[in-house]
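Visitor: First residue of the sequence shown? That's 1 in this note's numbering, and the numbers climb one at a time after it.
Please keep in mind that the hints were generated in silico from the structure rather than gathered at the bench.
Please note that a few of the clues may not be correct.
Unchecked claim - Label-pair ranges, simulated between beta-carbon atoms:
| no. | residue 1 | residue 2 | range |
| --- | --- | --- | --- |
| 1 | Gly51 | Gly79 | 14 to 22 angstroms |
| 2 | Asp204 | Gly80 | 41 to 49 angstroms |
| 3 | Ser3 | Pro209 | 16 to 24 angstroms |
| 4 | Glu49 | Ser6 | 37 to 45 angstroms |
| 5 | Val229 | Gly126 | 36 to 44 angstroms |
Values in this document were obtained by computation on a predicted structure and should not be read as measured data.
From the three backbone atoms N, C-alpha and C, an ideal C-beta is built for every residue, glycine too.
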Amino acid sequence: MGSLMSRRVVITGGGQGLGLEIARGCVRRGASAILIDIDAVALRDAQRELGEQHCAVFVCDITDRGQVAATLTAIGHSGGISALVNNAGVFTNDAIEAADPGRASLAIAVNVNGTINITDAVLEQGLLCRETGQIIFINSSAGDPLHTGTGARERVYAATKGALTGYSKAIEGAAKGTPLRVTTIFPGGMDTNLYVNAGMSAEDGHNKPWLIPPSRVAEAVTFVLELPVDTNISRLAIGPNL
Numbered sequence: 001m002g003s004l005m006s007r008r009v010v011i012t013g014g015g016q017g018l019g020l021e022i023a024r025g026c027v028r029r030g031a032s033a034i035l036i037d038i039d040a041v042a043l044r045d046a047q048r049e050l051g052e053q054h055c056a057v058f059v060c061d062i063t064d065r066g067q068v069a070a071t072l073t074a075i076g077h078s079g080g081i082s083a084l085v086n087n088a089g090v091f092t093n094d095a096i097e098a099a100d101p102g103r104a105s106l107a108i109a110v111n112v113n114g115t116i117n118i119t120d121a122v123l124e125q126g127l128l129c130r131e132t133g134q135i136i137f138i139n140s141s142a143g144d145p146l147h148t149g150t151g152a153r154e155r156v157y158a159a160t161k162g163a164l165t166g167y168s169k170a171i172e173g174a175a176k177g178t179p180l181r182v183t184t185i186f187p188g189g190m191d192t193n194l195y196v197n198a199g200m201s202a203e204d205g206h207n208k209p210w211l212i213p214p215s216r217v218a219e220a221v222t223f224v225l226e227l228p229v230d231t232n233i234s235r236l237a238i239g240p241n242l
C-alpha cells in the first residue's frame, strides 16, 4: 500500500458527517486535509479538532461557480493536491419535498451541479498531481446501477445520484491513458445527520439497522487513497450486512 504522508486531500462537505470522518482518517495517516463546506461553524470546529497544521478550511457554496473558482485558486496558492474527494451532498425524498418545495432543486444543485463545478474547476486549474492524482466520488446505493433496493419515494434523490454516476463514468473515461485514477463509492445509509438535516426526525434518521457508522465508509476511502499508483478500484459498494 502507498502512504498518505504529506499528501494534500481536498474534501467537499468536509466540516461534518462522513466528510469529517474522511478528514480524520487522512490526518491520522499523515495527510493534510483541505476541507470545503458551506457551514463556517462546522469548519471552525473541524479545524480545531484536527489542528491548523494538519487542516485548512474554506467556506464555499459549491453550487456557485465563482466561489468554487476562487476557493480552488486560493488552495492552489499553497501547491497542488493529491486527491479530490467529492463528498458534499444533501438528502431528499417525496415527504421532505412536500414540506419543503425547494428541496428537490437544492438536491439537484448540490448533488449534481456542485459536484460538477468543483471537479471541472480542479481539472481546469490543473491542481491534481499529474503522476498520482485521484478523484473519489461519494455516491449512494441510490445511484448504483447494480443496486435494486432504492425506494420509490426517493425519486429526485435517486435521479441526482444517477446523474452523478454518469458524470463520474465520463470523468473516468476521459482519464483513460493518463495516471489520473477515478473511483466511485456507493455507500448505503450512514448514521450521520444527513437525514435529520433534510427534515427527518432524529428517531427516523439515527440508530437504524440499515445505517452504518460513517467511519466504515471513511476507511474505504482511505484504503482507496493508499493504493499504489499502478492500482485503482473504479467502483466500490459498501453497506450493512443485513
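Visitor: Each hint: holds or not?
Guide: Going through the hints against the structure:
no., hint, result
1, Gly51 <-> Gly79: 14 to 22 angstroms, "holds, 19 angstroms"
2, Asp204 <-> Gly80: 41 to 49 angstroms, "holds, 42 angstroms"
3, Ser3 <-> Pro209: 16 to 24 angstroms, "violated, 36 angstroms"
4, Glu49 <-> Ser6: 37 to 45 angstroms, "violated, 21 angstroms"
5, Val229 <-> Gly126: 36 to 44 angstroms, "violated, 18 angstroms"
Of the numbered hints listed earlier, those contradicted by the structure are 3, 4, 5.
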